[in-house]
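Asker: Taken in order, these protein sequences are the chains called L and X.
The working numbering puts the first residue of the first sequence at 1, with every later residue one more than the last.
The working numbering puts the first residue of the second sequence at 1, with every later residue one more than the last.
What the hints contain is simulated information worked out from the structure, not anything from laboratory work.
A few of these clues could be false.
Claimed, not checked - Residues from chain L that keep clear of chain X, each with C-beta distances beyond 12 Å, as calculated:
1. D21
2. G30
3. A131
4. D146
5. D206
6. G238
7. A246
Said to hold, decoys possible - Here are a few chain L residues that face chain X, going by a calculated C-beta distance under 7 Å:
8. G22
9. P57
10. H182
11. P187
12. P188
Quick caveat, the model's predicted, so the values are computed rather than measured.
Don't be surprised by glycine CBs; every beta carbon is placed ideally from N, CA and C.
Here is how the chains run, residue by residue.
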Amino acid sequence: MDADYPAAHSMDTVWFAVDADGHVAVFRTGEAGAVPLEAYAGDEAYQTEARLRELLPPGTLLHDVDGRRRPSPRPHKPQAWAGGNVLMALTTLDPVRDEVARGTAVEVAMTRGKGVLFTGLTDARLAELQALPECLGSWNFYADEDDPAGMAGRGFFVYEHLTDNWISGPYGREAVPGRPIHVDQLPPDVRRLVGQFRLDAVRFTDTPHLQPVELTECASWESAYIDVTGRHIRPIPGKEDEYADAYGEMVDMSDEFDIQPPPDEAE
Amino acid sequence: MKGRTVRTIQVSSQPVRCVAYSPDGRLLATGDEEHQLRLWTVPAGDEVARFPADHGTVEAVAFHPSSGAVAAGFGSGDLTLWRPDSDELATRKTPHPGGVKALAWPAGGLLVSAGWDRTVQFHSPTLGTTDGRRTSEYPITCLATCGAPSRLAFADFRGNIGLFTGSARPAQVAGTVGVFALAAASVLLAAGDASGAIRLFRLSAGTTDPPQPAGTLAGHDWTVYGLGFTPTGRLLVSGSADETVRVWDVATGRTLETFRWHRRWVTCLAVAPDGMTAAAGSADGTVVVFDLADL
Chain L
1 MDADYPAAHS MDTVWFAVDA DGHVAVFRTG EAGAVPLEAY AGDEAYQTEA
51 RLRELLPPGT LLHDVDGRRR PSPRPHKPQA WAGGNVLMAL TTLDPVRDEV
101 ARGTAVEVAM TRGKGVLFTG LTDARLAELQ ALPECLGSWN FYADEDDPAG
151 MAGRGFFVYE HLTDNWISGP YGREAVPGRP IHVDQLPPDV RRLVGQFRLD
201 AVRFTDTPHL QPVELTECAS WESAYIDVTG RHIRPIPGKE DEYADAYGEM
251 VDMSDEFDIQ PPPDEAE
Chain X
1 MKGRTVRTIQ VSSQPVRCVA YSPDGRLLAT GDEEHQLRLW TVPAGDEVAR
51 FPADHGTVEA VAFHPSSGAV AAGFGSGDLT LWRPDSDELA TRKTPHPGGV
101 KALAWPAGGL LVSAGWDRTV QFHSPTLGTT DGRRTSEYPI TCLATCGAPS
151 RLAFADFRGN IGLFTGSARP AQVAGTVGVF ALAAASVLLA AGDASGAIRL
201 FRLSAGTTDP PQPAGTLAGH DWTVYGLGFT PTGRLLVSGS ADETVRVWDV
251 ATGRTLETFR WHRRWVTCLA VAPDGMTAAA GSADGTVVVF DLADL
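Taking the hints into account, I'd like the entire structure generated from these sequences.
Answerer: Below you can see the structure in the form of structure tokens.
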């Protein structure tokens, strides 16, 4: 089966889903995230997102600590590098009170712990903070200064593809809305489009990570996916031949992943 | 039996989006996502008319207060009007790009429509002309009329509530919480919001004062999509995305009954003009007509 994204054939796209509660989520694929074939995706979905930002009043959001962490059996290590904005979650603001007082760190809402957004950090200071037991995680943060609320501030759960461009990894819940929107609150055409893909066994409120390949038929530019635990690499259904070709390159990562052999090799 | 279901009507295989009683209480109009506007007898639940049209989902429906004409607003932004005396169907094309959100028909007045284009428009009773138009900052989500021309209330996506006549400032319900259901009875206004709360407001006799907060009814877990007062204002009926219908004693603020008939969220609700029954529509495609007499 050839890689064939719904609609736009763009490597970087968004798609929407509705969960069992009627909550709505937007998923950002980056360049390798899998896209459910039924989901509303592509350039039109981008345009719909822009329209919703215009139409819906902005509200509050919380940055998600657990959703931003890539699932892995290994202990989590803070990921950010210095330069640009850094979002950091801590158990307490005590280590960063000086930066907050000086205005080089702004407190932001997190799903757990305390959060700060740094506007400038040296390598040394970042490394120092990341090494603290109080640090729950750190991530480079690309703010939309024109629209800080974004989609999460408008009631949508926001998921990002967490891995680099070599595999379809799980999506992580990057931000949760202060007050989730219900699908019926949306304009009729948007409601129809975003509601065409329903995850009736999922509640976004309870789901920090999601791998759509494990739930439904998906399109992807990649031949392999990482499961939602972050532990297993498997072929994307229909791409077993491409997977077999790529398998040799992945074997080197067998200390981090349990890599399913291609069907022929398994036999 | 309190709140017994009189009839469960399987309206559609798709969500029911709106419901309204005729002024004489004998007919129920429903609109759904199969793009059908249907008329049913109550309480028998027999379908007596259907108006399929290429207008998209039926988002709002309202009866003329006396003539029996029924207006419908669609997801396409179109409006239609069926007049029983002439059996004609009039259409106004896309007064609301993006879809119609709400309809109201104050006694003796113009048909009022609100849409996702952030306008409220006032149409002649035949849909022949549009006689007025207002623009709001946020989409108007619901309209409510007590039947008097001066009592046309609105609410919007931001949570503002106000009256169209007079210079009264709208009352802000709460920050960023949108209001998605509105009902009026004499001097009382009830507003259901996206948190599940139902806030009561008292309307003054004059038209320059904003609605004044008069209490909150807490119980629903999720967005309230349907509200209706009984004619005396003693009871308020609500329907929510939490899949329940509640009946409230307005004076005490207590929930008298909570019903869970539907398999998915309640999308719309109407109380019969005589207050003896109410009808709740749902995303599961059904409308449940239930008895209020013993409550």
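Asker: Is the nearest CB of chain X more than 12 Å from the CB of G238/L?
Answerer: G238/L clear of chain X: closest Cβ-Cβ about 31 Å, beyond 12 Å.
Asker: Can G22/L be said to touch chain X, with a Cβ gap under 7 Å?
Answerer: holds, 6 Å
Asker: Grab the minimum beta-carbon distance between G30/L and chain X and tell me whether it stays above 12 Å.
Answerer: At roughly 30 Å from the nearest Cβ of chain X, G30/L sits farther out than 12 Å, so the non-interface label holds.
Asker: Should the hint that P57/L touches chain X count as held when the rule is a Cβ pair under 7 Å?
Answerer: Given a least distance of 5 Å, the restraint on P57/L holds.
Asker: Let's test the interface hint: is any C-beta of chain X closer than 7 Å to that of P188/L?
Answerer: holds, 3 Å
Asker: With 7 Å as the cut and Cβ atoms as the points, is H182/L at the interface with chain X?
Answerer: holds, 5 Å
Asker: Would D206/L pass as off the interface with chain X, using Cβ distances and a cut of 12 Å?
Answerer: D206/L clear of chain X: closest Cβ-Cβ about 15 Å, beyond 12 Å.
Asker: With 12 Å as the threshold, tell me whether A246/L passes as away from chain X on beta-carbon distances.
Answerer: About 43 Å separates A246/L from the closest Cβ of chain X, which puts it past 12 Å; holds.
Asker: Beyond 12 Å on every Cβ pair: is that true for A131/L relative to chain X?
Answerer: holds, 38 Å
Asker: Given a cut of 7 Å on the nearest C-beta pair, is the interface hint for P187/L held or broken against chain X?
Answerer: Holds, about 5 Å.
Asker: Evaluate the condition: distance from the CB of D146/L to the nearest CB of chain X exceeds 12 Å.
Answerer: D146/L clear of chain X: closest Cβ-Cβ about 18 Å, beyond 12 Å.
Asker: Beyond 12 Å from every chain X Cβ: check whether that's true for D21/L.
Answerer: violated, 8 Å
Comparing the model with each earlier hint shows a violation of hint 1 alone; every other hint is respected.
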